[in-house]
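Chemist: For this one, chain A is given, so just place chain B on it according to the hints.
Protein sequences, first through last, are from chains A and B. Residues in the first sequence are numbered consecutively from 2, following this note's numbering. Residues in the second sequence are numbered consecutively from 2, following this note's numbering.
Hints listed in this document are in silico derivations from the structure and should not be mistaken for laboratory results. These numbers were taken from a predicted model, which means no experiment stands behind them. Any given hint might turn out to be false.
[To be verified] When the alpha-carbon atoms are kept at most 16 Å apart in a straight line, the in silico EDC-like pairs for lysine to aspartate or glutamate are as follows:
| # | chain 1 | residue 1 | chain 2 | residue 2 |
| --- | --- | --- | --- | --- |
| 1 | A | K113 | B | D125 |
| 2 | B | K113 | A | E193 |
| 3 | A | K264 | A | E354 |
| 4 | B | K113 | B | D125 |
| 5 | A | K10 | A | E167 |
[What the hints assert, rightly or not] Selected chain B positions facing chain A (in silico; Cβ < 7 Å):
| # | residue |
| --- | --- |
| 6 | K89 |
| 7 | F233 |
| 8 | S336 |
| 9 | G387 |
| 10 | G460 |
| 11 | E486 |
| 12 | V488 |
| 13 | R489 |
Beta carbons are placed, not taken as given, at the ideal position from N, Cα and C, and that holds for glycine.
Number of protein chains: 2
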Amino acid sequence: MNGAETLVKTFLAGGVDVCFANPGTSEMHFVAALDTHPEMRCILSLFEGGVTGAADGYFRMTGKPAATLLHLAPGFGNGYANVHNARKGHSGMINVVGEHADYHLRYDAPLKGDIEGVTRSVSDWVRVSMDARSVAPDGAEAIRAAQARNGQIATLVLPANTAWEEADGPAAPLAPVKLHRPRPDQIAGAAEALTAPGAALFVGGAALHGPLAQLAGRISARTGCRLMADLFVSRIERGAGAVDIECLHYPVLENVEILRDVKHMVFVGAGQPVAFFAYPDRPSTPEAPDCRMLPLCTPQMDIAWTLEALAEAVGAGEAAPRLIDRLPSEAPNPSAPLTPDCVGEALAAVMPEGAIIVNEAVTAGAALLGPLRQAARHDLFYNPGGAIGASLPLAVGAAVACPERKVIAPNGDGSAMYTLQSLWTMAREELDICVLIFANRGYQILRGELANVGVTEVGRNAERMFNVEGPELDWVALARGHGVEAVRVEETGALINALAGAMAKRGPFLIEIACGQP
Amino acid sequence: MNGAETLVKTFLAGGVDVCFANPGTSEMHFVAALDTHPEMRCILSLFEGGVTGAADGYFRMTGKPAATLLHLAPGFGNGYANVHNARKGHSGMINVVGEHADYHLRYDAPLKGDIEGVTRSVSDWVRVSMDARSVAPDGAEAIRAAQARNGQIATLVLPANTAWEEADGPAAPLAPVKLHRPRPDQIAGAAEALTAPGAALFVGGAALHGPLAQLAGRISARTGCRLMADLFVSRIERGAGAVDIECLHYPVLENVEILRDVKHMVFVGAGQPVAFFAYPDRPSTPEAPDCRMLPLCTPQMDIAWTLEALAEAVGAGEAAPRLIDRLPSEAPNPSAPLTPDCVGEALAAVMPEGAIIVNEAVTAGAALLGPLRQAARHDLFYNPGGAIGASLPLAVGAAVACPERKVIAPNGDGSAMYTLQSLWTMAREELDICVLIFANRGYQILRGELANVGVTEVGRNAERMFNVEGPELDWVALARGHGVEAVRVEETGALINALAGAMAKRGPFLIEIACGQP
Numbered sequence: 002m003n004g005a006e007t008l009v010k011t012f013l014a015g016g017v018d019v020c021f022a023n024p025g026t027s028e029m030h031f032v033a034a035l036d037t038h039p040e041m042r043c044i045l046s047l048f049e050g051g052v053t054g055a056a057d058g059y060f061r062m063t064g065k066p067a068a069t070l071l072h073l074a075p076g077f078g079n080g081y082a083n084v085h086n087a088r089k090g091h092s093g094m095i096n097v098v099g100e101h102a103d104y105h106l107r108y109d110a111p112l113k114g115d116i117e118g119v120t121r122s123v124s125d126w127v128r129v130s131m132d133a134r135s136v137a138p139d140g141a142e143a144i145r146a147a148q149a150r151n152g153q154i155a156t157l158v159l160p161a162n163t164a165w166e167e168a169d170g171p172a173a174p175l176a177p178v179k180l181h182r183p184r185p186d187q188i189a190g191a192a193e194a195l196t197a198p199g200a201a202l203f204v205g206g207a208a209l210h211g212p213l214a215q216l217a218g219r220i221s222a223r224t225g226c227r228l229m230a231d232l233f234v235s236r237i238e239r240g241a242g243a244v245d246i247e248c249l250h251y252p253v254l255e256n257v258e259i260l261r262d263v264k265h266m267v268f269v270g271a272g273q274p275v276a277f278f279a280y281p282d283r284p285s286t287p288e289a290p291d292c293r294m295l296p297l298c299t300p301q302m303d304i305a306w307t308l309e310a311l312a313e314a315v316g317a318g319e320a321a322p323r324l325i326d327r328l329p330s331e332a333p334n335p336s337a338p339l340t341p342d343c344v345g346e347a348l349a350a351v352m353p354e355g356a357i358i359v360n361e362a363v364t365a366g367a368a369l370l371g372p373l374r375q376a377a378r379h380d381l382f383y384n385p386g387g388a389i390g391a392s393l394p395l396a397v398g399a400a401v402a403c404p405e406r407k408v409i410a411p412n413g414d415g416s417a418m419y420t421l422q423s424l425w426t427m428a429r430e431e432l433d434i435c436v437l438i439f440a441n442r443g444y445q446i447l448r449g450e451l452a453n454v455g456v457t458e459v460g461r462n463a464e465r466m467f468n469v470e471g472p473e474l475d476w477v478a479l480a481r482g483h484g485v486e487a488v489r490v491e492e493t494g495a496l497i498n499a500l501a502g503a504m505a506k507r508g509p510f511l512i513e514i515a516c517g518q519p
Numbered sequence: 002m003n004g005a006e007t008l009v010k011t012f013l014a015g016g017v018d019v020c021f022a023n024p025g026t027s028e029m030h031f032v033a034a035l036d037t038h039p040e041m042r043c044i045l046s047l048f049e050g051g052v053t054g055a056a057d058g059y060f061r062m063t064g065k066p067a068a069t070l071l072h073l074a075p076g077f078g079n080g081y082a083n084v085h086n087a088r089k090g091h092s093g094m095i096n097v098v099g100e101h102a103d104y105h106l107r108y109d110a111p112l113k114g115d116i117e118g119v120t121r122s123v124s125d126w127v128r129v130s131m132d133a134r135s136v137a138p139d140g141a142e143a144i145r146a147a148q149a150r151n152g153q154i155a156t157l158v159l160p161a162n163t164a165w166e167e168a169d170g171p172a173a174p175l176a177p178v179k180l181h182r183p184r185p186d187q188i189a190g191a192a193e194a195l196t197a198p199g200a201a202l203f204v205g206g207a208a209l210h211g212p213l214a215q216l217a218g219r220i221s222a223r224t225g226c227r228l229m230a231d232l233f234v235s236r237i238e239r240g241a242g243a244v245d246i247e248c249l250h251y252p253v254l255e256n257v258e259i260l261r262d263v264k265h266m267v268f269v270g271a272g273q274p275v276a277f278f279a280y281p282d283r284p285s286t287p288e289a290p291d292c293r294m295l296p297l298c299t300p301q302m303d304i305a306w307t308l309e310a311l312a313e314a315v316g317a318g319e320a321a322p323r324l325i326d327r328l329p330s331e332a333p334n335p336s337a338p339l340t341p342d343c344v345g346e347a348l349a350a351v352m353p354e355g356a357i358i359v360n361e362a363v364t365a366g367a368a369l370l371g372p373l374r375q376a377a378r379h380d381l382f383y384n385p386g387g388a389i390g391a392s393l394p395l396a397v398g399a400a401v402a403c404p405e406r407k408v409i410a411p412n413g414d415g416s417a418m419y420t421l422q423s424l425w426t427m428a429r430e431e432l433d434i435c436v437l438i439f440a441n442r443g444y445q446i447l448r449g450e451l452a453n454v455g456v457t458e459v460g461r462n463a464e465r466m467f468n469v470e471g472p473e474l475d476w477v478a479l480a481r482g483h484g485v486e487a488v489r490v491e492e493t494g495a496l497i498n499a500l501a502g503a504m505a506k507r508g509p510f511l512i513e514i515a516c517g518q519p
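The following block holds chain A by itself, in its conformation from the complex:
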């Protein structure tokens, strides 16, 4: 049994049974090993950003790391941005990166690069296997690392000869790394702070959905504190019946306003809120100057235990969390102008229970949130790493993880272009994903950002870096080119029909929405 085979068997024994892949020659023994293990689901992406983003989306829904298969330093480079996003969102993944055979490394072969440099710059754990017998134990450690601290980036670099040389056999799963917990006095202090006037419980990670969101909601109900979260979270449960968590906005000055009266912030599963970017004469962080910050439980610590201890300390008991009401959803008037708000209303009216919304409509996306808030219960993904080009790959991963749920991916025409190759994987795997493209013909966000830096007149060089007109992108053609059915709508009535059709069918579908700004 060679090293590659022992790794596949180790992964399967450790519960890692999905592999998003874009392999090359140096991974051929791994491909051969996968080939004899059909119980490992292999999903091809035609670009590595699609691979790593899919692993992120898969983790967000399952809490389980997937493996990725990447080709040397440049292949990892192509996946870099979505590894960054996954890391910022505390998703676990195991990157298997093929390297040249160790004895070949002293030559300057074309694909030789600083594989340790590039992988270390965005991984929590990196290991280069030293020989074939190390591959299986290294693989077991990679699984443990990817699951540690609520999810980490584990990267295992396999020189080709360690894959093809003879090894001993697979390695058994390792005991998981124990999560850190706050001290009892910290729990008591936080509990006291939460009952003070102007208190907020600021949550993240697993506290944003399911039973832990309920628990956080009970603590808030019992103490009267505000229950808050960042805007750019990995996954949050929303819609009718979800715990009502107040989210920050994108502009830092709006967040300053939102947090003006907050005097005690207790953090569980989240770090301190921070401005997405710094601007001249604007603050880097939005909290009030006299706000007391209590970092009780970082995103890497034991969120469940902390919330339970906090609930007990405040006597939350069976206090009822504040839930989002169902707003009777009504489709917009078919003759209303086609704006992003209108898209939100139309979507809210037809969206099925349990949908997964992967939001990367950078400017238009904000307008969706109001209408969607009180639609049917759903999970909402944001991009905690901020590198655009995450949505289509995330949608792939979420759909692989939850084949019974509808995935909806609102995108800007600018952002979707970064990883449009994921459309092909949606078609290949027949994933139940509805992609919405807000065709606003440019990087609208940057127009606002240029104004933020004080430029009000836009000349040719700037204009040509913001708009994606001349030529216009034709998303119906792009989708069809990848094997995905698509339609373009220019009026609200057509949008309502297209959305109804998309919700009624299974499989990938793309709607290009010709709409202006909110």
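Modeler: Relative to the frame of chain A, chain B by itself:
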């Protein structure tokens, strides 16, 4: 004048007047500065791999570095693979990477990453500007670094505040770094070796085209040595009238055969040839065991001086280099089966003088080389870094550099998918590029590589990682989606017509060629 403005002025003063860009918020002051300097040509790519690959192609044709504009660590990550390729081909470029304002870095903002880690892993020179007044001198040093040693990757990281804060003014260009030269005794030794039986002059870099190729050809004619080069070179002049340089092949065992009788190899502008990958039981390098290797002048040294010294030492005088003859090009029979050879013949028949061929047809491309060898004189790009996804961006850069020359980019359907967004830039800039897609429906190269590792039966997991069928990519739709006119041909007659049409018109055009293997 702020830091960003001083940088733009410093670049223009230093002859850097093209900027390939995919900016974000942290680069807005730089965008504003570019906006007031229309003499800097700004070219937008919708994906960063398109940015960095274009800078590479631009350098290959001009010998001048372009600037790139990239957005933080993930933006650089997206451009990583083509920076790698450029570095392996010794192309110079100046990457300007926006970073968070320095005082904002202590917060964990979404886009904060290890920007020094990722940039250092693939750059020859990295500088993080410390304040606004350092930006201009750092920019002048970046230009010098990008031009040093025949071309390097220089990366300048600009914290946003160094761009917006007040600075002094632009910096004057710096004197270039002097190139190293071999010692006289090394020249004499090499000259002697070249006259021995079984000698080869193995050249690279600037010795592969123009007057230096002529000089190398004269040395070879005078001494009787073979004149050779690697296959994966950055740029080589070929076609009728070009100096006849014998190139190695891809499979290492074929190269062992080619080099069997070479007993003395003198290297000028090139390193030792090496197998693209290592395989069990195959050598890492192809030279004969008793071959004497003389590394006279590395790719980073003074190639022109070395060749002149060598020519003088061997008394090359006006010896006539062996040139490639013109083969009367004849289009294939329109009813012949549509194979890659046939595509090569059809292209050779219609290709205009001075075309630039950017070859990334991974498997089909080899078949083109025979027919093209004796076509009209042209420049041929290979990918010295081996990371696929270079061709379309390189074509953009070459077309920007040489607007009067036809650029032809043969691609595999697998390789072109990595950076297909460059099609849009071709349309936006009305670049005179003809893209050929060999639609062989998969990563054909990997089928061969799996066989190379001893696997003869391909199962479902492997098959689904090699083919890109189910669904088939529709390149005509993909091109049109990006605003590029396109046609699909399935027969030789149709191909001949399509190529004739493409050569007669200006502007981007894509031909999807449904053809089998050679």
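Chemist: Could you run down the list of hints and mark each one as holding or not?
Modeler: Hint-by-hint comparison with the structure:
For the hint linking K113/A to D125/B, the alpha-carbon distance of about 15 Å falls within 16 Å, and the restraint holds. For the given pair, K113/B sits about 34 Å from E193/A by alpha-carbon distance, which is inconsistent with the 16 Å threshold. In summary, the hint linking K264/A to E354/A is not supported, as the alpha carbons are separated by about 37 Å, beyond the 16 Å threshold. Restraint check: the Cα-Cα separation between K113/B and D125/B comes to about 23 Å, which exceeds 16 Å; the hinted pair is violated.
With a C-alpha separation of about 14 Å, the suggested pair K10/A and E167/A falls inside the 16 Å cut-off, and the hint holds. Evaluation of the K89/B hint against chain A yields a held restraint, the C-beta minimum of about 6 Å falling below 7 Å. Restraint check, F233/B versus chain A: the minimum CB separation of about 6 Å is within 7 Å; hint holds. Proximity of S336/B to chain A is violated relative to the hint, the smallest CB-CB distance being about 30 Å (cut-off 7 Å).
Because the smallest distance between the Cβ of G387/B and any Cβ of chain A comes to about 3 Å, under 7 Å, the interface hint for this residue holds. Hint on G460/B holds. Least Cβ distance to chain A is approximately 4 Å, under the 7 Å limit. Taking 7 Å as the C-beta contact cut-off toward chain A, the hint placing E486/B at the interface is violated, the least distance being around 10 Å. Interface hint status for V488/B: violated, as the beta-carbon distance to the closest one in chain A is roughly 14 Å, over 7 Å.
Look at R489/B: its Cβ only gets to about 11 Å from chain A, farther than 7 Å, so that hint breaks.
Hint compliance for this structure: hints 2, 3, 4, 8, 11, 12, 13 are broken, all remaining hints hold.
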